[in-house]
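Colleague: Each chain, written out:
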Amino acid sequence: MKWVRYTLPAAAVISAASPAYAVKYLSIEEAQKQAFPQATRFTEVQAGRVWKAEGAGRVAGFFVFDRVVGKHLYIDYAVALSPAGAVQRVEIMEYRESYGGEIRSPSWLAQFVGKTSGSALRINGDIRNISGATLSSTHVTEGVKRILATYGNHLR
Amino acid sequence: MAITSDSFRRARPLLGTFVEIEVAGAAEASMAAAVEAAFEAIADVHRLMSFHEADSDVSRLNREAALRPTAVHAWTFRVLKAATDLNRRSNGSFDIALAPVLQRLGPGSRDAIELLDEHAVRFHRPDVAIDLGGIAKGFAVDRALEVLRRFDIPCGIVNAGGDLATFGTNPHTINIRSPRNPGRIICSVEVANQALASSARRFDPFHAEDTMSSAVIDPGSLRPAHAVDGVSVRAPSCMIADALTKLVMICGTDAGELLEHYDAAALVIAPDGNLQITSTWHHAVHLAA
Chain H
1 MKWVRYTLPA AAVISAASPA YAVKYLSIEE AQKQAFPQAT RFTEVQAGRV WKAEGAGRVA
61 GFFVFDRVVG KHLYIDYAVA LSPAGAVQRV EIMEYRESYG GEIRSPSWLA QFVGKTSGSA
121 LRINGDIRNI SGATLSSTHV TEGVKRILAT YGNHLR
Chain D
1 MAITSDSFRR ARPLLGTFVE IEVAGAAEAS MAAAVEAAFE AIADVHRLMS FHEADSDVSR
61 LNREAALRPT AVHAWTFRVL KAATDLNRRS NGSFDIALAP VLQRLGPGSR DAIELLDEHA
121 VRFHRPDVAI DLGGIAKGFA VDRALEVLRR FDIPCGIVNA GGDLATFGTN PHTINIRSPR
181 NPGRIICSVE VANQALASSA RRFDPFHAED TMSSAVIDPG SLRPAHAVDG VSVRAPSCMI
241 ADALTKLVMI CGTDAGELLE HYDAAALVIA PDGNLQITST WHHAVHLAA
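Sequence lines, in order, name chains H and D.
Going by this note's numbering, the first residue of the first sequence is number 1, and it counts up by one from there.
Going by this note's numbering, the first residue of the second sequence is number 1, and it counts up by one from there.
Quick caveat, the hints were computed from the structure, so don't treat them as lab data.
Beta carbons are placed, not taken as given, at the ideal position from N, Cα and C, and that holds for glycine.
Treat the hints with care, as some may be off.
As the list claims (entries may be wrong) - Simulated coverage check for chain H against chain D, where a stretch passes if three residues somewhere in it have a Cβ under 8 Å from a Cβ of chain D: (1) 87-96; (2) 138-152.
Unchecked claim - If you want the ones that stay clear, here's a sample from chain D, every Cβ over 12 Å from chain H, calculated: (3) 66; (4) 73; (5) 81; (6) 119; (7) 152; (8) 287.
Excised from the complex, chain H in its bound form:
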């Protein structure tokens, strides 16, 4: 197999305040409905953080909203707990990451315009698909453990 070599231009100086990249997947209401589709009522147990889901006169479970720091910025996520306090699902609601300056620069983006048909790259939109070294979800996993330790035995 033949390899073709490219020399990259020197890296532009990255400003200290990198713009943020964010993907919003779900609002709290949407995430609640998705986690407990059978529930008809969500009662706040702890303001802005814990809700009790009820439907057909029974407790369907608990919905816990939390945020942890990802690499640099917050990741919002929700944990759906069964009435017995077991984790039923963990869903990312909003993912944020600080980013290099070039991404939002129109001149950098302009080079891709017309080269992609129906591709995901958009000016004024977000940069959707990124590959590189694997991002770690350790902080979310630790957050879920903390939620279980805090609420797993106390809600019910």
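Let chain H serve as the given structure and place chain D on it in line with the hints.
Modeller: Here is chain D on its own, set in the frame of chain H:
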């Protein structure tokens, strides 16, 4: 009539990273059901192949396969088959039996894993322990894609922290980060009906530039691989793309023949910051200005 919405996008923490699934072109209810089933397939792979969960196939093999033939799930067997083939073809450079090195117990070994009939596995040395971390994530992405197709979803992408696969008519543009500066995108590639996986050395600007490590261990030296700074591999399946990134991290551009055998292409970020791209792929790569 079903309402067709633009796209449906969800993310969950699985496989030690963030798995994002995005689909488009179908009714919202069927997209929601397909994405839910696809996440379940990924969670199944996680349960079967996690090194850290005590009741996974991998943990059972590490406890029992040196004592007696141990039966595993058909999926685990498929991954082991691919991994042992890769080990043979790469003369041992791809090795799933390096877990003892990662745990600082001693070296791994070749030909120590025997695959038997009826999905049974036997280890021929008591000190063998396997870790499918270098290949199972890609396999999970492939299974998720298979589920989405079975639900008749016309197009989509499954991205497990950078190891991804796409299907459908539209190409997806994937941005490749610089390993030394993750805030910088060095190029973008278009991927259609194929998989793309990336691997890179870890860079910590708070330490000296030379203390950069890698999650990939070179079986030859038993040290973190340092042939290249980072690599992205395009392949027909994400399992193969995932595994081949580890091989290129270890062998650098010498992995060319293996890439050719697996119908794969690669983009290598050299320690001097320059790129090397296989000639079969360079037309699809757009460098950042």
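Colleague: Mind verifying the non-interface call on residue 119/D? Its CB should be farther than 12 Å from each CB in chain H.
Modeller: holds, 29 Å
Colleague: Does the no-contact call for residue 73/D survive, Cβ to all of chain H over 12 Å?
Modeller: holds, 22 Å
Colleague: Measuring Cβ to Cβ, find out whether residue 287/D lies farther than 12 Å from everything in chain H.
Modeller: Nearest chain H Cβ is 6 Å from residue 287/D, so the label is violated.
Colleague: How does the coverage statement for the region 87-96 of chain H fare against chain D, requiring three or more residues with Cβ below 8 Å from a Cβ of that chain?
Modeller: Holds, because 5 residues of the region 87-96 of chain H bring their Cβ atoms closer than 8 Å to Cβ atoms of chain D.
Colleague: Decide, holds or violated, for the assertion that all CB atoms of chain H are farther than 12 Å from the CB of residue 81/D.
Modeller: Correct as stated: the minimum Cβ-Cβ distance to chain H is 24 Å, above 12 Å.
Colleague: Does the no-contact call for residue 66/D survive, Cβ to all of chain H over 12 Å?
Modeller: At about 30 Å from chain H, residue 66/D clears the 12 Å cut-off, so the statement holds.
Colleague: The output says residue 152/D does not contact chain H. Does that hold with a beta carbon cutoff of 12 Å?
Modeller: holds, 20 Å
Colleague: If you count the residues of the region 138-152 of chain H with a beta-carbon closer than 8 Å to a beta-carbon of chain D, do you get 3 or more?
Modeller: holds (count 4)
Checked against the numbered hints given earlier, the structure breaks only hint 8 and satisfies all the rest.
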